[in-house]
Amino acid sequence: MSGRWQGLLPRWSAKLGFGLGIAGAIVLFGLIGPLLTGDPATIRDIGLTPPGGEHLLGTTVTGQDILAQLAHATRGSLLIGLLVGVMATVLSGVFGIVGAYAGGVLDEAFSLFSNVMLVIPGLPLVIVIAGFVPPDQRGTGTISLVLAITGWAAAARVLRAQTLSLRTRDYVAAARVSGERTWRVICVEILPNLLPILASQFVFAVVLAILSEAGLSFLGLGAANSSTLGTMLYYAQNGFALQREAWWWFVPPGLIIALFGGALALVNFSIDEIINPRLRDRARRERDVVAVEAEITPAEPDAVLTVRNLNVVYQSATPVHAVKDVSLTLRRGEILGLAGESGCGKTTLAYAINRLHRPPAEVTSGSVTFDGVDVLAMGPEELREFRWVRLSMVFQGAMNSLNPVTPIRAQLQDVLRTHRPSMSAPDREVRCAEVLRLVGVDPARLGAYPHELSGGMRQRVMIAMALLLDPQVMIMDEPTTALDVLVQREILNEIVRLRDQLRFAVVFITHDLPLLLELSDRIAVMRDGEVVEYATAEDMYLRPQHPYTRQLLASFPSLTGDAGALIT
Amino acid sequence: MLKQLCAVGLAVVVAATAACSGSGGGGKARDTLVVYTGQAGDFQLNFNPYSPTFIEGMGTINEPLFFFNIAADQPPKPMLGTAYSWNTDGTELSITLRDNVSWSDGQKFTAEDVVFTLDMVARNPALNKTSYKGTATATDDTHVVVKFPEPSYMDGPQVLGQMWIMPKHIWKSIGTPATEVNPTPVGTGPFVLDDFKAQSFTLKANPAYWGGEPALKHIRYLSLSGNQAGVDALKAGSVDWQTGPVPDLKDIEKNYPGYKAITLPLNQVSLFTCSNAQLGCQGAQTDPAVRRAIYYGMNRTQINSLAFQNVNSEMSPGFTLLPRDNALVSGKLTDRVAPMNANTAKAEELLTSAGYAKGPDGIYAKDGKPLALTVKVVAGWTDYITALETLSQQLLQIGIKLTPQQLSWNEWADARGRGQYELLIDSVEQGPAPDPYYTYAYFFATAATAPAGQAAYPNYSRFSNATVDQALAELKKTDRGNPARQQHYDAIQVELEKYMPYIPVMTGGVPNEFNAKAFTGWPTKDDLYAFPAVWKRPDASQVYMKLKPAGN
Amino acid sequence: MGYYLRKLAFYLAALWAAVTLNFVIPRMLPGDPVDILMAKLQQRGGGVDPAARKAYETLLGTGGRDSVLQEYVSYLGNLLRGELGVSVSAFPAKVSDVIAGSLPWTIVLVGLSTLLSFLLGVGLGAVVGWKRGTWLDSLVPATTVLSAVPYFWLALILVALLSTGLGWFPLNGGYDVVLDPGWSGEFVGSAIYHGILPALTIVISSVGGWLLGMRNMMVSAMSEDYVLTARAKGLRDSRIMIRYAARNAVLPSVAGFAISLGFVVSGSIVTELVFSYPGIGSKLLQAVQNNDYALMQGIFLVITVAVLGANLVVDLVYGFIDARTRDRSVVS
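Protein chains in written order, with this note's numbering: chain W, 1 to 568; chain H, 1 to 552; chain D, 1 to 332.
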């Protein structure tokens with residue numbers, strides 16, 4: 001449970017510290033300032049005194065102390081921000097979360113209402129609602145109410161979308177099925193997951209409220225009877241502050257708003273990182289390989305790809321050694337199986353071979369030799385020209401590997417356009433159709449979008465794409481895992497047939513060892529980043545050496561039809 | 001990219017300026033006067049002087065019969081009329097017209113045009129802003145007689161000075177004159193429309209004007225977004241004449257080289273009170289003693305310096321406009337002018353004798369109710385707001401708690417019209433001629449008010465006083481200039497000082513800034529031939545006619 | 001088909017709600033247009049004769065009133081016939097004429113600068129997201145702070161510095177008033193010159209939002225598998241960035257752009273006030289300040305229709321830029 005809450009706290013960073021610092025200082029100024037600075041309304045006969053001496057920030061045209069006004073105005077604006085933030089968040093929560101959770105007509109109605117509120121211009125509403133409140137009660141409260149009413153709809157839409165997706169999660173469904181009360185499910189199961197979004201929306205609403213109030217005041221429609229930064233600016237403008245070059249009167253209120261808004265924006269960056277953990281990912285660096293000496297070991301005669309003592313480390317606070325001293329050799333036309341459970345490092349290894357590993361992963365030592373060329377030593381352009389031409393890949397989960405917004409034709413042609421620039425458009429079309437036919441997909445589907453294809457079809461398209469340039473090696477990372485058995489079988493047959501026909505070598509990665517036994521020439525079994533056993537398929541099946549290999553073999557139903565193996 | 005754009009823009013502007021000065025005839029002197037009348041936002045084409053949304057035309061294009069100068073007590077200046085006279089009981093007005101006048105389309109101007117215009121106003125309630133009830137007949141081409149059902153001396157300035165004579169040959173075919181926008185105005189005036197654009201329009205001198213072609217060849221009217229934009233424009237020298245506040249007015253010649261300013265008293269700034277409990281007003285201000293206590297508790301010198309840049313001047317509790325009406329101020333007033341400094345002793349004495357007692361918090365109270373009043377002000381009227389903030393601190397000294405409350409103009413105007421207020425700050429206005437009669441008839445007459453809850457216009461205070469009404473009726477029957485009028489003025493002023501339905505603050509100055517370097521002939525304090533506010537019509541046309549480009 | 005029916009139902013419901021609110025709102029505002037007209041005339045030195053009020057009441061026809069229901073029915077009828085009524089504050093001009101005269105300015109200035117800001121923000125956001133970890137990252141907080149600055153404050157300070165102080169730009173207005181509006185090079189040049197500073201302020205204060213949103217989406221998109229595939233395919237970086245990462249990351253921003261386009265009209269009030277610019281925003285303010293119901297209704301209507309129209313267009317366009325939406329018939 002504590003882990004769940006921990007994930008909701010922002011990671012400490014310079015941005016967050018800076019943001020919290022400034023925002024905190026301004027809040028403190030608003031809280032304590034008015035107590036220390038005296039009456040902002042006191043009129044003196046020293047109009048427009050520049051800053052210094054008794055009046056640190058100078059005086060207004062009627063000799064009122066600007067520092068005192070600023071303190072009171074800051075307090076007023078913060079109060080409006082807080083009130084609007086709370087009200088808008090509550091409103092968006094009610095219309096976004098409750099509606100989406102309840103579903104049905106209520107959701108429809110709430111969603112429609114939110115959308116209508118979103119398209120109705122806010123200003124007239126502001127004026128009307130303000131007009132309903134008796135003048136002597138008008139001020140901070142009214143303006144806040146108005147800004148909240150006109151400002152919650154966008155947040156509600158976001159919350160609705162999130163709640164809809166949360167609603168279908170297992171633990172929420174379980175809670176619902178077990179008959180928990182609605183409010184309890186919302187408060188206990190859903191709200192905590194929405195907290196970062198709510199926090200972000202709240203912060204956003206606060207900034208927007210302060211800005212909107214300032215804008216309304218500038219139009220003369222703001223909280224005229226209370227002291228806010230907006231009204232202060234309004235008075236400065238009406239008192240010709242800029243025309244009199246009394247910058248000390250006009251600049252500070254705007255600056256406070258800007259600083260406060262900027263500070264909260266910095267805080268929001270950190271909240272965004274919780275909502276979207278991908279934002280936390282480190283950038284792709286120029287250097288993905290460190291401390292590697294070019295050591296081209298004399299390869300086995302027929303070898304196309306040789307990996308020697310490769311080490312990959314995830315350089316986080318506690319470095320994770322994902323690939324340890326792995327050495328493999330892939331011969332021409334061979335299928336090399338790479339087996340192991342998820343998290344054993346097999347995908348990391350596959351990516352490292354093509355140098356596709358992302359930070360914080362780093363190749364710390366070892367070598368990858370492709371046809372006598374050191375892959376780890378390649379420059380960026382060299383590497384780019386190497387990829388797909390010599391070595392192509394088929395990734396796990398073809399749905400996500402294909403660009404969802406362009407037809408597959410464009411994604412196939414991309415490869416030819418880049419690597420075969422001299423190829424004419426009709427030739428490209430012919431080649432694309434050809435590879436589709438090779439994998440058994442009707443070339444008429446070239447114009448289709450990925451979502452229009454079935455899972456098996458997508459995987460075939462991926463394989464076709466990998467075939468485009470007649471590469472020597474194809475790395476296939478769990479290419480069939482997400483598919484049903486029948487389709488899986490079809491595709492595997494296809495791969496074997498193509499390999500026989502086109503003579504490329506394959507590195508086939510899967511957790512399914514029995515499958516590899518059937519398919520591969522040689523197999524490497526990985527565990528915790530290490531290759532624990534490396535042998536021909538036959539040896540591995542008949543004489544597994546490592547206990548882990550035996551365990552893996554035992555956990556699958558026997559290929560020979562012994563169903564009992566699965567249970568033991 | 002941006003730089004290039006700027007460069008293109010600059011080149012364009014330079015070219016435009018060059019083209020403009022080229023067309024000016026080569027001389028240095030500018031013959032185009034640029035004015036800012038306070039128009040915010042676009043101009044909407046409308047040159048119908050009888051429309052509430054007219055943008056120009058009174059005096060410049062369509063002239064009145066006479067010009068009544070409210071800035072100085074002077075006889076009316078003949079315009080289309082040359083002379084007028086009343087019969088003895090004030091029911092018949094004979095007007096002699098100028099002979100050699102023609103319309104700007106070449107047609108001759110005759111008495112028929114005057115009769116047509118007056119009849120049009122009488123027939124159309126939507127045009128009749130002065131409840132004109134006369135019947136006009138032309139005796140010949142240059143003589144018109146207007147008959148009234150009752151003695152109507154006081155309607156004279158309205159008929160003679162506020163009826164803009166329209167060309168019969170064009171307007172007779174206009175079905176609904178109230179909604180006519182008169183896009184191609186034809187008039188007898190010194191200027192005609194040159195061109196119209198939403199952001200600005202231009203008048204040009206009428207070469208066939210009966211008084212001779214004006215020296216000023218063009219007048220360009222600008223629209224800007226408000227006072228701040230006006231000041232910026234003034235600083236950039238892109239406006240030659242505007243009326244409105246500028247910072248540091250007394251140093252205008254230093255801050256805006258070539259410009260001069262003239263500030264003239266016009267508006268009598270007062271605290272309007274909803275004074276009449278019988279007509280439904282509520283609050284402590286319905287007690288005249290409270291109103292008078294506020295009057296004495298006010299330190300006008302401080303208010304003037306903090307809120308009004310010291311441009312406002314003293315004001316008489318009898319509501320005669322000073323210094324114009326100096327001769328009319330009643331000798332029966334206690335104070336000839338409202339005291340400039342607070343008299344707390346007098347104020348507290350007034351409150352005590354009215355039954356108020358000071359509470360422990362220093363605020364007077366009666367029947368358990370503390371003397372606390374709310375004063376409404378339009379949000380954004382910063383000088384008034386500052387004045388009220390100052391006043392609320394001053395009134396604490398005499399045990400009255402005053403709370404300023406800012407409202408939008410709409411709400412404020414609504415509250416004022418329907419009497420839903422205790423106090424508000426506004427100014428008492430002048431009529432069509434230099435005569436306090438109009439101020440009294442508008443703001444103090446029972447006929448111009450209504451019970452609280454209904455719209456009153458413009459006697460917002462709900463003041464109703466038999467002596468005042470009686471005196472106004474007598475004044476209506478007495479021609480201007482007749483010494484018999486003074487006794488009625490006296491009677492009214494005494495009542496006003498006694499009851500104070502509007503508590504005098506100060507006479508508000510109207511500041512005008514003008515380019516004295518490029519143009520000569522502006523009104524001065526010694527030669528106030530017209531009220532020099534650019535929005536004041538037809539006064540502005542009098543100024544345009546007098547202006548000459550400097551150096552010509 | 002259900003998807004399109006639902007969309008249609010939404011737009012109809014939203015339109016009806018907006019039109020009805022449009023009817024109700026002005027009738028709840030305090031004050032009477034006649035009083036406000038009088039107050040205004042009085043301020044401009046017009047007479048205060050008691051008869052004038054009656055004359056204007058007659059003129060504007062605000063005397064007796066029908067029942068609210070009758071008014072509502074005739075209001076709907078007038079809308080269907082495209083009659084927006086007569087503006088009180090610009091009497092006797094028709095509301096449609098007033099709007100027609102000012103709308104082009106707003107669309108050109110605010111519309112173009114919003115578009116510019118969008119393109120700039122999205123373009124920069126894509127680059128900043130792509131080049132994460134470089135100095136470009138500092139653009140994000142910098143532009144975000146700029147969008148936290150009160151717009152009018154920034155605009156007024158820029159006017160004071162660049163126009164009043166340095167004289168680089170004109171103070172206000174939409175064009176040099178000595179020129180005749182038209183398609184002459186001189187006039188267009190003047191209009192562009194007058195539009196630079198307002199446009200600049202709009203872009204400065206709004207580019208940060210687009211940049212941040214695009215950058216975040218870009219970062220998310222970059223960890224998608226299809227970007228990895230594109231890398232493995234040996235595509236050039238520029239192609240991966242534009243065709244794979246940005247192409248996907250821009251989708252939410254396009255949806256956001258539709259909403260913001262609609263608010264161009266109402267959001268322009270402050271800009272137009274600061275720069276005395278002749279647009280629909282200043283007309284709306286004028287209408288509000290003068291209780292000009294008809295003009296207010298007309299402008300609200302234009303705004304609402306603009307927002308709904310922009311959303312409709314984006315709904316349609318979305319189908320082209322993201323084929324998935326076209327085929328998604330159940331999810332709304």
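Some hints here could point you the wrong way.
[To be verified] Think about it this way: if two alpha-carbon atoms lie no more than 30 Å apart in a straight line, the pair counts; the simulated DSS-like pairs of lysine-lysine are:
hint: 1; chain 1: W; residue 1: LYS15; chain 2: D; residue 2: LYS131
hint: 2; chain 1: D; residue 1: LYS94; chain 2: H; residue 2: LYS168
hint: 3; chain 1: H; residue 1: LYS147; chain 2: D; residue 2: LYS94
hint: 4; chain 1: H; residue 1: LYS498; chain 2: H; residue 2: LYS546
hint: 5; chain 1: H; residue 1: LYS168; chain 2: D; residue 2: LYS54
hint: 6; chain 1: D; residue 1: LYS54; chain 2: H; residue 2: LYS172
hint: 7; chain 1: H; residue 1: LYS525; chain 2: H; residue 2: LYS254
hint: 8; chain 1: H; residue 1: LYS525; chain 2: H; residue 2: LYS477
hint: 9; chain 1: H; residue 1: LYS197; chain 2: D; residue 2: LYS94
hint: 10; chain 1: D; residue 1: LYS54; chain 2: H; residue 2: LYS477
hint: 11; chain 1: H; residue 1: LYS235; chain 2: H; residue 2: LYS197
hint: 12; chain 1: D; residue 1: LYS131; chain 2: H; residue 2: LYS133
[Stated by the list, open to error] Okay, the calculated beta carbon distance ranges per label pair:
hint: 13; chain 1: W; residue 1: GLU245; chain 2: H; residue 2: GLU253; range: 12 to 20 Å
hint: 14; chain 1: W; residue 1: LEU28; chain 2: D; residue 2: TRP135; range: 30 to 38 Å
hint: 15; chain 1: W; residue 1: ARG44; chain 2: D; residue 2: LEU69; range: 38 to 46 Å
Simulated from the structure, these hints should not be mistaken for lab results. From the three backbone atoms N, C-alpha and C, an ideal C-beta is built for every residue, glycine too.
Cross-check of the supplied hints:
{"no.": "1", "hint": "W/LYS15 x D/LYS131", "verdict": "holds, 19 Å"}
{"no.": "2", "hint": "D/LYS94 x H/LYS168", "verdict": "holds, 27 Å"}
{"no.": "3", "hint": "H/LYS147 x D/LYS94", "verdict": "violated, 39 Å"}
{"no.": "4", "hint": "H/LYS498 x H/LYS546", "verdict": "violated, 44 Å"}
{"no.": "5", "hint": "H/LYS168 x D/LYS54", "verdict": "holds, 26 Å"}
{"no.": "6", "hint": "D/LYS54 x H/LYS172", "verdict": "holds, 24 Å"}
{"no.": "7", "hint": "H/LYS525 x H/LYS254", "verdict": "holds, 20 Å"}
{"no.": "8", "hint": "H/LYS525 x H/LYS477", "verdict": "violated, 33 Å"}
{"no.": "9", "hint": "H/LYS197 x D/LYS94", "verdict": "holds, 17 Å"}
{"no.": "10", "hint": "D/LYS54 x H/LYS477", "verdict": "holds, 24 Å"}
{"no.": "11", "hint": "H/LYS235 x H/LYS197", "verdict": "holds, 24 Å"}
{"no.": "12", "hint": "D/LYS131 x H/LYS133", "verdict": "violated, 82 Å"}
{"no.": "13", "hint": "W/GLU245 x H/GLU253: 12 to 20 Å", "verdict": "holds, 18 Å"}
{"no.": "14", "hint": "W/LEU28 x D/TRP135: 30 to 38 Å", "verdict": "holds, 33 Å"}
{"no.": "15", "hint": "W/ARG44 x D/LEU69: 38 to 46 Å", "verdict": "violated, 58 Å"}
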